[in-house]
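Chains as they are written, first to last, in the UniProt record's numbering: chain A, 1 to 326; chain B, 1 to 1159.
What the hints contain is simulated information worked out from the structure, not anything from laboratory work.
Do not rely on the hints blindly, as some may be mistaken.
[Unchecked claim] Heads up, incomplete: computed chain B residues facing chain A, CB under 10 Å, no partners named:
| no. | residue |
| --- | --- |
| 1 | 372 |
| 2 | 966 |
| 3 | 978 |
| 4 | 1006 |
Predicted model, so just to flag it, every value in this text is computed and none were measured.
Every residue, glycine too, gets a C-beta built ideally from N, C-alpha and C.
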Amino acid sequence: MKNQGTTNRPDNTAFDQQRLPAWQPVLSAGIVIPGFLLVGLAFIGIGVALFVTSRSIQVLENDYTGTGSSVHCSECVNPKTTPCTCQLNFSLSALFQGPVFLYYGLSNYFQNVRGYGSLRRPSSSCAPYQYDQNTTIAPCGSVANSMFNDTFTLYQLVNATRKTVPLDGKGIAWWTDYNIKFRNPPEVDGSLAAAFNGTVKPVNWPKPVYDLDPTNPANNGFLNQDFLVWMRTAALPDFWKLYRRITEGEYASGLPAGNYTLEIQYNYPVANFAGRKSVIFSNTSWMGGKNQFLGIAYLVTGSLCVVMSAVMLIVYAKFNSPDEDF
Amino acid sequence: MREQLGFDPPHQSDTRTVYIANHFPQHGHYVPQRFADNRIISSKYTVWNFVPKNLFEQFRRIANFYFLIIFLVQLMIDTPTSPVTSGLPLFFVITVTAIKQGYEDWLRHKADNEVNGAPVFVVRSGSLVQTRSKSIRVGDIVRVAKDETFPADLVLLSSDRISGTCHITTASLDGETNLKTHCAVPETAVCQTASKLEGLQAMVECQQPEADLYRFVGRLTVKQNEEEIVRPLGPENLLLRGARLKNTREIFGVAVYTGMETKMALNYKSKSQKRSAVEKSMNTFLIIYLGILLLEATLSTILKYAWQANSQWDEPFYNRKTEQEKNSSQILKFISDFLAFLVLYNFIIPISLYVTVEMQKFLGSFFIGWDLDLYHEESNEKAQVNTSDLNEELGQVEYVLTDKTGTLTENEMQFRECSINGIKYQEINGRLVPEGMTDDLLGESSPHLQLHSQQVFGTLLRLSSEEELFLKAVSLCHTVQISYDQTDGLGKSFPQANGSSPHMEYYASSPDEKALVEATKRMGVTFTGIKGENMEIKTFGRLEKYKLLHVLEFDANRRRMSVLLQAPSGVKLLFTKGAESSILPYAISGSIEKTKLHVDEFAMKGLRTLVVACRRFSSEEYEEVDRRLHEARTALQHRDERLAEAFDFIERDLELLGATGVEDKLQEKVQETIEALCLAGIKVWVLTGDKQETAVSVSLSCGHFHRTMNILELVQQKSDSECTDQLRKLARRIREDHVIQHGLVVDGVSLSLALRGQEKLFMEVCKSCTAVLCCRMAPLQKAKVVRLLKTSPEKPITLAVGDGANDVSMIQEAHVGIGIMGKEGRQAVGNSDYAIARFKFLAKLLLVHGHCYYIRIATLVQYFFYKNVCFITPQFLYQFFCLFSQQTLYDSVYLTLYNICFTSLPILVYSLFEQLVQPHVLQSKPALYRDISKNSLLSMKTFLCWTLMGFGHAFFFFFGCYLLMHEDTSLMGNGQMFGNWTFGTLVFTVMVITVTLKLALETHFWTWMNHFVTWGSIAFYFIFSFFYGGILWPFLHTQDMYCVFVELLSSGSVWFAIIVIVISCLVPDIIKKVFYRHLWPTSTQMSQLIEGDSGVSCVDSMCCFSEGERQHSWVGQAMERTLGRWDPTRISRSWRTSDPFYPSDRSILTLSSMEASHC
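Bound conformation, chain B alone (with noise of 0.2 Å):
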């Protein structure tokens, strides 16, 4: 009883048995098991747990954790800041972090809800019952109608069609648009109705849920007359959640994985965990950082003792000190001393740098959806950012490892040669040319003879017989399907009869497929589809049926496809396709060694060879196969091996036919995007499953070989001590000659052996070569390469581009991982940090994009440490003047507010639209990209730099003041006196204008959102400070700074001290830029010198105009500028013909064509 209850462990067994319509077993020990609801939960957080978890996740960070910790401090001890000048600020970034991800995660709940309350219609008790998609159970019969998503991971039973066959898209799961056929098992089939689902006996045992959308393996057991009859699933008979019916008007499926368990909800990505090279210099400074608050801390305990030593500082009569100090024990004391040091130095750690970084990555990203340039118009497809965290990384890659099929090739696959039985043949104008016959045939085809040709040459020219089996195979051995337009898919698929609809059009999960098919269609030789059981094509016009017998489906290890075929006469075939690799080693007939001949030809000239061949079956033979494969087929261990067992055992003595080429076109301007890749310092490597000739064909007509390098081949090596002697020679070879550029071919093979004993002596032979080229690569060898580059002594940072399912580890594995919007799918997209159209628009996307947001992020980290020195170090260098009695230098409010109000947005809005140099400057000169590549701007020399700044600024300010404050006169015409208060707030008036000045300094793109918040804030501070000060705060216990701002301004000596004190922090700063930019400019200076040369530089548009004269002085233009004067028709052209980097202009690259109309 217990046990049926189930209390029983849930479901450890390796399958899970689920009862069509919940129907359990009369009699027996039936255990139900327990599934989970059909409830998608993408949500994080609920209500109740919103608070505790967020918090918590939060404090794992290990910033938050520390400014927790100095607020718990300040709240134990005698501190000498209020709890409240680190609790609000830490408050604040707490909430603006827990707003957005509680935003986000409502955004998810109600995406959820809409889901999980989606009507459905479920068979209960012989009728159609309507309720919830979260309400569907395991065993619960769910009818789905045209158009709609399934629910859950459903069996189909039946649907409208006597066939049990049904069409789906997967558009949103994988991405593949083609049209799939489902079926159900025929005893099922034929329960089309409500009450007679009602009456099935079945059940069903399957595999545990897993993630894998392409597999599926469990059997249908349906009990007919007292007799089960046991029936295999497989992929096929499944219907994932998320797909769509298509083509069908219903059908009925039994739920086997609902909710969470579905394989849709499975396939959930978690977030990529990268993070960028700027994130760890981050952290490294806040570890320096953290050590220079210790020290100070440190500094500041001990010399308080020792100046404490001397009773006449520790106690003078006018500051006794009170009974619990006199009484506490020393060592106390000391560590309270020490942590309310502590406290009063925290500061130094910028407690928004992570809060401001993160808005920054995260609106800054936008930018790259919005491009115009990085939308492909043909594709309706726009950029697309997956993760925010690695925008800056673009701007860093030094390698990148690019898939060569659909990613630098369109992945449209036009059919161009092909050999039968050792002629070669080519296509021209829809018809088969056996080669050297070519001159005559392009003579006489006229426009009119070519309207015509098909039938014409259809009637005229009978094909041999050789010609036909070989049209015939490629027509038949393939998974295509067929779609109407203006299908209303109400039982009419197939509407013409003939066969020759102008709306046929063919959708195959493979563009060599489809592209094969097209071809024989051209040819004579069409395929009109699949009709119950037969395939049928029309040759010339005769319909000939072959009864379907088997498909033995494609997979990477066999790199071949067949079917099995009952031909019109009776004969049983096999037809096979696939690799030339994975078919001849099995020919044993044919002219085998002229078609490998051609093969390799075709794959010189860069087409993409498959190799069909064909086999015929005696009837004891064919019996052998249909047992071994049944047998395999409804297996339930073992099933993948065992398969691939019997597919081996048919895919044999072959009868070699042919092969066919296939042309890949290359994307439009990947050499222009290589070669500006290759001048902005990036390496290129092309890793690919193609044959050797193919790829190094591609690679030359891509650029990433060029026809003066010297290619190096490390192929075809069989043993480790061969390869290790090759590579050798090779290093040998680079060494003596340098001069030349050399190429590097590597085929997967080798690769392995040679990364088995000699990664180190390979990696120095891959680096010293300008383009390296990785052919026949698994998937997994390709994320080895990776990985292999990444941990190398130099940690380069790698970006893999790709489109395919293949690329999915190698994306992964790489610093930045890009997907390409092709037509294998959706899966790289989805498991990339940014996906783009093309592969063009690489180029704008690293040397632009990438470009301003490393030099934005760069400049913002190395700003908030730099300001928080400047804010902190008065403070420290205060208490050698207050006998280090932690007094603070500063207002609480002003301690409080300084990060999260005064000095805030400036930095924000310069870090979102800084441009160094103009978009389409960057562009055309790929080799500015070269001058921040190694993370330089954030070197520990530039740190240092800007962190010595901030000393230094912050000692003119405290001693600026000092000078100011101590010759103990009066400041003011009515002799009165300042106190403490009126000299911290002098020093941080200071300090707020020299800190917002010098990000001014920096700026170079002035929008008038950076004039706004430039000046904004430092009108802010002053108003804010007016009235801070001028109103008697009835909550604050001490009105210290009551009027102490308005006095302070009230002195004339004050204002000039504030103007020399900025003035002087900000001089050293300009020299030192203006002598640098002049002595030693980098390219990207040069670059803005001739765009600044113009006066205003071109704004709005790529295409300016020359300017005739240039006879304004330096101080003239100065002064247009600073008024602001811009003159649209001024503009002038940005850069000359006369520009010194580079005689060819490459801005070409993405000039959209509403720009280039303009011009």
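Next comes chain A alone, as it looks inside the complex (with noise of 0.2 Å):
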């Protein structure tokens, strides 16, 4: 039975009746022509500057792989002669400016591969390269085991006589990286090697983590800026990574026309599974290296924004339906 006190009237809320206020946009060409332009001049503007600006950068390639078509460091492609050392000489015809970033790249290197990083079930995230004898590598990993080892040497030929080039090798891998995510175990006596007791080299090291770079004591073990650039897998098969800087001395504002020669420690093999090195020297921008795509997407669609508005102007005016009246 109904109560008769109590009334079932639903409540006369905006809410209820579903009369919230609320914006209602048309997708009408009023908007949209006017917007288009609008949006498409702007992308067109930035589009220019993003071009030019990637323009202004130099970047400046060699492939020093030894097969094929680079000529270059042909000698050490035999795996037998190691180690083996080939030179690169180029001219620089202008100033190039600084600071230049000294790269090495490699094609048809996967390092997205499933099981080649940590990607491996926690149990087995090391294999195979967990263990090497039953002893623990440290570290471990088929990336660590990888770790590119070609090293560069850049040299100024002023007046015939070599003179370095002073490479920096800090800063170059994330500074998140170096001081936050990566530890080295705790030294023991005050000896980094002594931390690592117990474990081994990984199986392709020429010398053991905690002796990664004599220069520099600060750079070992696992806070190894090389090691840490190694670390952080690409995402594509042909990719860069940064080696050095040069932001010293002389040559912080860039490398003055001249003769330099790169010397190469050619140690790293990549002939069987085709793959190509090459390095690289490039200056960068705000907005990182030369990089057409920025500007190109956005002067396609700038254009494309531009174009359309005026085909929908065309339609607009050509099949205007009678229910329009604005």
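Can you join these two chains into the complex? Each is in its own frame, and there are hints to help.
Next comes the structure, spelled out in structure tokens:
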């Protein structure tokens, strides 16, 4: 039985009656045509700026695989010739604006395959490089084991004498990787080597982890910049990794015009997977290295918007539907 | 001994024997029967079985099961993602559902406990003992006091009245609010105290429990002085659980059915298992996506092996295989690779789709109940939602099949005309006036005269004997009850001796009867009630007592009812009234022909007709009749058949007295509603049990048939061949004359003939008719028509509306069943999916709510599939760049949270609040309903459109980011490089923004909540990512994501890339929308434009003012809108008189008085 005292009358609120105040935009020509025009022009502007910025960036890339079309370092291709040092000569006709970054590039190299990084299941995250004859490998895993170990030294030829260009190895890895994410085991008796007692070096490495950088004791163990750079696995099979920065002394403002020699310790084998190695000099702008894509993308999208707004205008003028009276 | 302990199989016999007060016989081999206890259990779960039972029920769902399988696969084999990624969303979905179901069950438990623990009084060893409801056993004598509900099904033993009668109302069972008299057999009626009852030696034999509320067959055997007296028991002796005692101080009854065996419990409805068209398309889409998933996984597996055939890819020096990988068998590896790909891509099946859809339906359905426009002030009833599964089906209706009485009409009967002995009379001012005398009477009826008309005419103008007999017959032949207001029920049921109490009110289960008894009262023959065995009437103040001998109740097969009375003169009389087809054939005297003519005339005017007849019995005849009736009534087997036989024997050789014509007023705005439905492209069929003439005239008056329509008839067909011929003829006529609209009238018999042989032809004829009217339909025939429509080749969506028990089968059969809360009880409402108070509310329910729900859910479903394609396709594309090694592109946490956190709320809020067009516009332009008919927003074409767009967007995300990164150069000013997680996070960021903005583009109704969740979701993604990447999480074994997001966003190029990729994803979509809107606008879009034309549309009221000037430029308006400036004085009228669609404005339909007063 209904209770006579109470009423079933629903509340007359905007929410209950679905009458909430609401903004009801309509995608009509009046908004879209000027909107597209504005967005298009803005994009074209940005695109031009990006394109020009990108064009101003200098890149010098040299393949030194030694096979195929590459002429450099062909003497080192034979794996028996180890250690092998080869030289790569180049000349700059104008100042290479600084700061200059030195990259090494690998192609056909799949750092992103599952099982390469620490992407296996937790129990065997380092297999097959967890143990070497039952002794723990430090650092373990395929990535560490396959660390890139070619080294580069840059000389400027001034009056037929080789003048070393100082290469700065600091700050090539992410700040957080170096300072927070990775930690060395606590030093035993002030010695990093003792901290790694009971572990062995990765199979492919020539020297143990605490001895990676003999020149700088603070750049050893897991906290080695080159190691950290290598450990940040690349997303795509062709990648560059930062090797050094040229920021010191007279080269801080860039590499002046002249002849240079890059001396390469050729250690890293790429032949068996048809990979290629290269070395790259590049400078950057605020937007990073040379990147044509962004400028082109903005230009294309921008002009598309402008063209479409023109097309829409024509369509509207021609096919003005009778129901619209704006 | 064993048998006595109850080890025998429980009650296999057709009857159960109940010993009153459990006085079992002392002798013989008595076998105690076992009965259920009086506990009502409506809950589904107990504390113990909740977890297993609920899990089992949930995993019976195919989608949940699928995710369980994926989860198990992840646990078993080496898969690219951790089991958490699919386990957590699954857990979330299962938990949300379990909480909802657990809560509902807890409510049921609470209600059960309350009911089962209610205090009741039971007679135990001669005294009243208070106990709990659940401990009542079969055989217990229960005392029930006034206004209490009965705790079990009781056979009435005695009441505080000597006669052993009591009044009850069964409103909570069937909604009938009239008082019903139930009575005890005389032998037990004298036992009015507990001690007397203790001495009662009696036994009840009755049938086993069954659900039919109106059927009870049993007998009571009382032992008095070593003599066994047997009395029949029928429904009038049974007090049903749930009914309430009225007007009676207390009763005693013996429990015969308890707990779950009571008729009320047996009538618990299992929820309707109807599935909406949207759900069906959803399942189709799921299967298509499953196909895509399998295809992608197979392709990836094959490519993986094709690629790895070359050893330089398979095992380069830098990535040696583990021993385990080398040694496992090739086939096992292949299978596990396939499964791994399956797991990698499994998110393409949207896991949270079901839970979101369920939440949307559950929450969204509240809007129907809350709608003021669906609230009926007079009856204090608001719309009621019995199932939320079918909300969107309301927007898809193609056929409305409606009952007539109580649905189109008020079911409020008003006596208009009658025919007595071949003379037609009309009621004018409470006076019967023969036809032709109308004019002079109207002339002399002054207000003063009218006031006293009853007395004046009563004394001045004596009625002829025929008239008097007719009026007496009408006032005696019924089952009307009388209730006196302010009756305290303490033995003073009939307080005033003169009987003309102003508080007297008639209660009848049939509104026709009530109207007739009230009419005779106005004319001077007043029924004043039943006292003891006598029916009393006052003929112009003179009291006459008729002894009520038997009532031959109404049933749908006989279509008549009778009373057997002994007149004061001692003559035994039978009065019968019923449908003319069930009385006229049995009439042997009276002016049959004329009456027949008059009945047809009444029907033409749309009146409901009843024919009244009588028969006189000699005392020998009566004895025969009495004996037959008694035999039939006490029979335990085939009682119904034997009763029908006995009734047929009695109701014949009748003397025709006359006929009555009762008007059933049309409900408000029925015509407008039907017209609106027609404009919306919905075909309306009326299915009624009424006569053809009545039905046609109502059809015409409510606008279902138009005067201009060509009415085709398929009636009174006798044979299959005749029917087929007629059908062919009709089909030809329709073909020849297709300019004019056609209406079709079919009657029940012809329908069953047509359905037997010529179903196809019949459907063809029906479909080319604008309106179809089926009359003389039995309830099951109504359901059959619905099924016929449902199963016809086009498979249209049907909606059935009805208010009575005879509409239940049709309501259950149709895709959507609507119950009208009318005067014919609650059965239709209880069995319906939605219940509304008036037929006119149907327009708003379908045109507004249906439309909104449909577009909401359709977009919801499409969007879900879209966003999951966007989500997983980049993952698939990435495999081409990582040697198909199953490397994931996104981090596990992002994989897990994408569907449940980052993209879930905007679509949920959208699907609750979206309105493409404002409700009042929808209602004033029914044609907008056509835009969404035939499930158009979920057609294969639109689905493919969305899916392709999903793929397209995914390509944009992936290759946009790829092109940005593949030049290998640094994206940061400090020359440092990004890794693979940065790449994945960039794709993911672009995706979250695009997918959210895509929904923003679809949103047309931006409430503050939409703004909040849309921008909030994007903001949440950024905040979460900062947080997630900002901490070295101790429980994660890899810290892949540490600082990735911060480093990513510290690059200016990345910001530019995000902007350009997002924009270029959305631009084609906007262009497409704009072009379609301009070149091929749907009427929905056109009405949006008219709405939008006026800048800010009117929001808070239907009453809007005209905007004088429109000098704002478009940009200016856009600016204003974006700034959210909203000025009530600028609100403009949302549709103008220059409305291009329909010249007539039908917005009046449900403008409530409140809103009207504003205008």
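Could you tell me which of the hints above the structure violates, numbers in ascending order?
none
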